[in-house]
Amino acid sequence: MAEAMTVGIAARRGRPALAAMLAEPRVVVAGGYLLLLFVVALLAPWIAPHDPLEQDLMLATLPPAGISGAEPGYLLGTDGLGRDVLSRLVYGTRIALFVAVVAAALAALVGTLLGLLSGFLGGWVDAVVSRLVDVWMAFPPVLLSILLVAVLGSGIHSVIAAIVLIDWTRFCRVVRAETMAQAKADYVTAAVVLGFPRRRILFREILPNVAPTLIALLSLEMGIAVIVEAILSFVGLSVSSDTPTWGGMIAEGRQTIHHAWWVLAAPLAALFLTVLAFNQLGGGLRRALDPVMRR
Amino acid sequence: MITALLRRAVAAAVTLFGVAVVVFVLLRVVPGDPIAMMIAPGASAADVAAMRARYGLDGSIGEQFLAWLGGLAAGDFGTSISLRQNVLALLAERLPATLELAFAALLVAVLLGGGAAVAGTLMRRGPGGTAIDAANGLLLAVPDFVWALALVLLLGVAWPLFPLTGRIDPAAATDFSTRFYLVESLVTGRLAVARDVAAHMVMPVLALALPLAAVIARVLKEALGEAMVQDYVMLARIKGMSEPRLVVQEALRNAVGPTLALTGVQFTFLLGGTVIVERIFAYPGIGNMGVDAVVNRDLPLIQGLVLLFGLLFVLVNVAVDLMVAALNPRLAHG
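These protein sequences, in sequence, are chains A and B.
Going by the numbering used here, the first sequence opens with residue 1, and the numbers climb by one from there.
Going by the numbering used here, the second sequence opens with residue 1, and the numbers climb by one from there.
Rather than coming from a laboratory, the hints here were simulated on the basis of the structure.
None of the values given here were measured: they were computed from a predicted structure.
Glycine included, C-beta positions come from ideal geometry on N, C-alpha and C.
Watch out, some of these pointers could steer you wrong.
Taking beta-carbon pairs under 7 Å as the criterion, some of the chain A residues facing chain B (in silico) [unchecked claim]:
#1 Leu143
#2 Ala150
#3 Val151
#4 Ile227
#5 Ile257
#6 Trp261
#7 Ala265
#8 Leu271
#9 Leu273
Sample of chain B residues lacking proximity to chain A, with all beta carbon distances greater than 12 Å (derived) [stated by the list, open to error]:
#10 Ala89
#11 Leu91
#12 Pro96
#13 Ala104
#14 Gly115
#15 Val118
#16 Asp175
Kindly generate the complete structure, drawing on both the sequences and the hints.
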């Protein structure tokens with residue numbers, strides 16, 4: 001979805017948007033890392049040196065390469081059950097990125113729609129949506145997500161549903177405020193005077209101008225989704241334990257921390273870099289796509 | 001002013017009630033019967049019915065809700081299914097641990113964030129300011145869950161300076177008259193015990209405090225930057241006041257207001273963050289108990305916890321409103 005929107009804007013404004021994006025170092029570095037991560041997720045079976053589920057207790061808690069006792073072929077060592085940490089990390093990117101993309105896109109869709117309608121129509125629609133957002137945000141997201149997954153039953157679809165149900169409010173609030181600001185602009189007045197139908201004004205005139213903010217927010221939300229999935233896997237409420245996830249690896253690593261720190265360190269480093277990358281990409285895109293900030 | 005506060009209090013009460021209803025209904029559609037999981041094989045139908053009645057799980061959802069509300073009004077939160085104890089007693093037992101953790105984190109965040117903002121303002125034209133901004137950006141981007149685990153690796157394993165789990169050395173935990181271990185041991189002057197409790201709190205407190213400190217630092221630094229170009233600061237500078245005194249005495253006073261309001265909102269996020277941070281450090285607070293309650297489908301306990309968290313958020317918001325009003329003379333008279 002992010003790609004589609006970016007392309008749309010680039011096409012609308014011609015080359016400047018794309019050039020501005022590539023001139024922003026944060027976008028290039030963070031975007032490059034995330035692109036690499038997507039490639040790793042897609043090609044996991046060819047990249048992973050071992051079967052991520054293959055256990056071998058003779059090879060349990062081997063340290064990573066460069067530390068005495070390391071075995072060649074196990075670059076990041078093995079966990080308490082003798083599974084290859086690197087292979088599990090590689091397969092873990094699949095769940096992390098799948099949840100990030102799907103959950104963030106759906107949350108953006110729901111939140112943007114409600115935010116656009118609320119900001120543009122005003123009146124009782126705005127009153128209802130705003131109150132709903134207030135009540136929703138009065139609750140701590142981590143507790144709410146754990147609660148929702150408990151209600152929905154564990155599994156990746158529940159995790160995605162929980163993230164969407166909680167985080168649509170982030171988009172709704174920002175898009176609503178932005179829409180209200182845009183609706184006062186001269187170009188909207190002009191469109192109204194010209195007699196354009198409201199749907200066209202909303203989706204063809206206002207939405208493209210809200211898009212830069214939306215894209216930045218989408219990137220941030222992907223980072224949040226990766227964290228929420230990791231937390232739910234850590235607590236044991238995400239996918240079943242025979243699918244490797246970063247959160248699940250962190251939970252296992254927490255158990256073996258005193259004799260195999262790398263089992264925790266590897267997925268934690270991946271999580272750290274990925275969240276940071278989504279965050280920096282969002283900030284960079286915001287700067288690159290916003291015509292006011294660019295100047 | 002008072003009517004505005006009253007209106008907010010009513011809105012908060014409505015919100016709280018809404019949360020209670022939503023959670024109650026949500027939990028009733030949970031697949032999986034908690035009673036079926038706990039009965040011994042071969043129990044009679046009458047035993048099961050009695051068990052249901054005991055935990056308030058008989059009757060329709062409407063009846064259950066009314067019974068629960070009636071119990072709440074009488075100060076009875078029901079009985080925990082997994083721990084088989086009174087919910088209110090469980091909450092009262094665990095809440096002090098979480099409160100000590102959260103307020104210690106708030107204090108650390110304010111000191112760290114405020115210090116960073118002042119230092120960043122003083123060094124705003126040098127490499128020191130850039131370094132502070134960079135560190136700040138990093139802290140803002142990464143949440144408490146990741147910091148908590150990074151601290152586990154750094155201060156728990158690589159340099160094992162602090163205990164990794166729990167709240168107190170089990171041998172020292174026997175003779176307390178309250179559940180506020182840190183406060184009580186400090187007040188009664190048992191410094192060795194206080195040091196042990198504090199050592200257990202270092203890592204969870206840092207994990208909770210770092211993201212909040214970054215938010216405070218960013219907002220306060222921005223407000224300080226705006227204040228530093230105001231006429232009254234210029235005047236004080238011409239009069240020969242030193243730069244550190246300018247920042248601390250003149251600019252800070254006027255920059256605190258907006259930061260305070262934001263800190264209040266962020267503090268509710270910090271309270272929510274105790275759930276996962278307590279889990280990571282096996283810290284015996286309400287958040288850790290909440291995760292267990294969810295995993296065990298302990299409906300009465302989850303309801304009690306949700307309501308308690310809701311109440312805490314409402315109280316924090318009211319307290320912040322009062323403080324902002326007290327600091328702003330225009331609002332107090334308006």
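Comparing the hints with the structure gives:
no.: 1; hint: Leu143; verdict: 5 Å, holds
no.: 2; hint: Ala150; verdict: 4 Å, holds
no.: 3; hint: Val151; verdict: 5 Å, holds
no.: 4; hint: Ile227; verdict: 6 Å, holds
no.: 5; hint: Ile257; verdict: 6 Å, holds
no.: 6; hint: Trp261; verdict: 5 Å, holds
no.: 7; hint: Ala265; verdict: 6 Å, holds
no.: 8; hint: Leu271; verdict: 6 Å, holds
no.: 9; hint: Leu273; verdict: 10 Å, violated
no.: 10; hint: Ala89; verdict: 21 Å, holds
no.: 11; hint: Leu91; verdict: 14 Å, holds
no.: 12; hint: Pro96; verdict: 19 Å, holds
no.: 13; hint: Ala104; verdict: 18 Å, holds
no.: 14; hint: Gly115; verdict: 24 Å, holds
no.: 15; hint: Val118; verdict: 25 Å, holds
no.: 16; hint: Asp175; verdict: 31 Å, holds
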